[in-house]
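Listed here are the chains, written in short residue letters.
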Amino acid sequence: EADIYQTPRYLVIGTGKKITLECSQTMGHDKMYWYQQDPGMELHLIHYSYGVNSTEKGDLSSESTVSRIRTEHFPLTLESARPSHTSQYLCASSQRGWDEQYFGPGTRLTVT
Amino acid sequence: AQTVTQSQPEMSVQEAETVTLSCTYDTSENNYYLFWYKQPPSRQMILVIRQEAYKQQNATENRFSVNFQKAAKSFSLKISDSQLGDTAMYFCASLGNYQLIWGAGTKLIIKP
Chain A
1 EADIYQTPRY
11 LVIGTGKKIT
21 LECSQTMGHD
31 KMYWYQQDPG
41 MELHLIHYSY
51 GVNSTEKGDL
61 SSESTVSRIR
71 TEHFPLTLES
81 ARPSHTSQYL
91 CASSQRGWDE
101 QYFGPGTRLT
111 VT
Chain B
1 AQTVTQSQPE
11 MSVQEAETVT
21 LSCTYDTSEN
31 NYYLFWYKQP
41 PSRQMILVIR
51 QEAYKQQNAT
61 ENRFSVNFQK
71 AAKSFSLKIS
81 DSQLGDTAMY
91 FCASLGNYQL
101 IWGAGTKLII
111 KP
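Those protein sequence lines, which keep their order, are chains A and B.
Per this note's numbering, numbering of the first sequence is gapless, rising by one per residue and ending at 112.
Per this note's numbering, numbering of the second sequence is gapless, rising by one per residue and ending at 112.
Calculated directly from the structure, the hints in this document are not laboratory data.
Every residue gets a Cβ at the ideal spot worked out from N, C-alpha and C, and that includes glycine.
Among the clues, some could well be false.
Capping the alpha-carbon separation at 20 Å, the derived lysine to any residue pairs in SDA-like fashion look like this [claimed, not checked]:
(1) A:Lys-31 to B:Gln-99
(2) B:Lys-107 to A:Pro-39
(3) B:Lys-78 to B:Ser-42
(4) A:Lys-57 to B:Ile-109
(5) B:Lys-107 to A:Met-41
(6) A:Lys-31 to B:Tyr-33
(7) B:Lys-55 to A:Pro-39
Computed footprint of chain B on chain A; a stretch qualifies when at least three of its residues, placed anywhere within it, have a C-beta under 8 Å from a C-beta of chain B [what the hints assert, rightly or not]:
(8) 43 to 51
(9) 101 to 112
Derived DEER-like restraints, expressed as beta-carbon distance ranges [to be verified]:
(10) B:Thr-3 to A:Thr-110: 28 to 36 Å
(11) A:Gly-28 to B:Lys-78: 42 to 50 Å
(12) B:Glu-29 to A:Pro-8: 31 to 39 Å
(13) B:Glu-15 to A:Asp-30: 40 to 48 Å
(14) B:Gln-69 to A:Gly-40: 38 to 46 Å
(15) B:Glu-52 to A:Ser-80: 37 to 45 Å
(16) A:Lys-18 to B:Glu-15: 32 to 40 Å
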C-alpha cells in the first residue's frame with residue numbers, strides 16, 4: 001500500500017458546515033492532486049499542486065479550496081457544504097507529472 | 001479536448017479465463033502516457049500498467065498486458081489467467097499536459 005493517508009474516511013455533516021479533508025503523504029512527492037469521484041464513475045480533477053505554495057484548479061469546477069504549505073500535506077476545505085458536494089474525494093501524489101499517481105483510501109462525504 | 005472512452009460498463013468472466021478491456025482515447029499531444037488503474041471494492045486505486053506512447057513495444061506486467069494501437073488510438077488491457085482478486089473497477093487514463101484524463105471505468109467481475 002502507498003504511503004498516502006486521508007482523514008476522515010467517512011463524514012456525514014449538515015448543510016452549511018465548514019469542513020477540511022486531510023491528505024498527507026510520506027514519499028516526498030512534489031505533485032499532489034484532489035479528485036472527485038461519484039460511485040462507479042470516472043475521476044474528475046478538482047485541484048492540483050506542483051509544490052509548496054503552488055495550487056491550481058482542475059477541470060471540474062469546485063467550490064472547495066486547497067493549500068500547500070508543506071510538501072507532505074495538501075488539505076481541501078469546503079467553506080459551506082451543500083448536498084451537491086456529496087461524493088468521494090480521492091487524494092493522490094506523484095514524483096513527476098508523468099509518473100504513476102499513488103492514491104489515498106478516499107473520504108466519502110455525505111452532506112445532509 | 002482530450003477524451004478517454006471505455007465502452008464496456010461491466011464484464012464478467014470465469015476464474016482462469018482471459019479477458020480484454022477496451023479503451024480508446026483522443027489526444028492532440030505528440031508525447032503522452034497511457035495508464036490502466038485498478039480500484040478494488042473499498043480499497044485504494046493502484047496502477048496496473050503504464051505505456052509510453054513513443055514506445056512501440058506493448059507493456060506487460062506479469063498477467064497483465066496491453067495492446068497499444070497508436071494510429072487507432074486504442075489501448076486495451078488483457079488479463080490472462082484471471083483470479084478472484086482481479087475483481088475491481090478498471091480505469092483507463094491518458095496523460096497529457098500533466099493532467100490525467102479518465103475513462104468512465106469497466107466493472108470486472110471474476111466468477112469462481
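Results for each hint:
no.	hint	verdict
1	A:Lys-31 to B:Gln-99	11 Å, holds
2	B:Lys-107 to A:Pro-39	12 Å, holds
3	B:Lys-78 to B:Ser-42	23 Å, violated
4	A:Lys-57 to B:Ile-109	35 Å, violated
5	B:Lys-107 to A:Met-41	10 Å, holds
6	A:Lys-31 to B:Tyr-33	17 Å, holds
7	B:Lys-55 to A:Pro-39	34 Å, violated
8	43 to 51	holds (count 4)
9	101 to 112	holds (count 5)
10	B:Thr-3 to A:Thr-110: 28 to 36 Å	30 Å, holds
11	A:Gly-28 to B:Lys-78: 42 to 50 Å	34 Å, violated
12	B:Glu-29 to A:Pro-8: 31 to 39 Å	37 Å, holds
13	B:Glu-15 to A:Asp-30: 40 to 48 Å	41 Å, holds
14	B:Gln-69 to A:Gly-40: 38 to 46 Å	27 Å, violated
15	B:Glu-52 to A:Ser-80: 37 to 45 Å	43 Å, holds
16	A:Lys-18 to B:Glu-15: 32 to 40 Å	48 Å, violated
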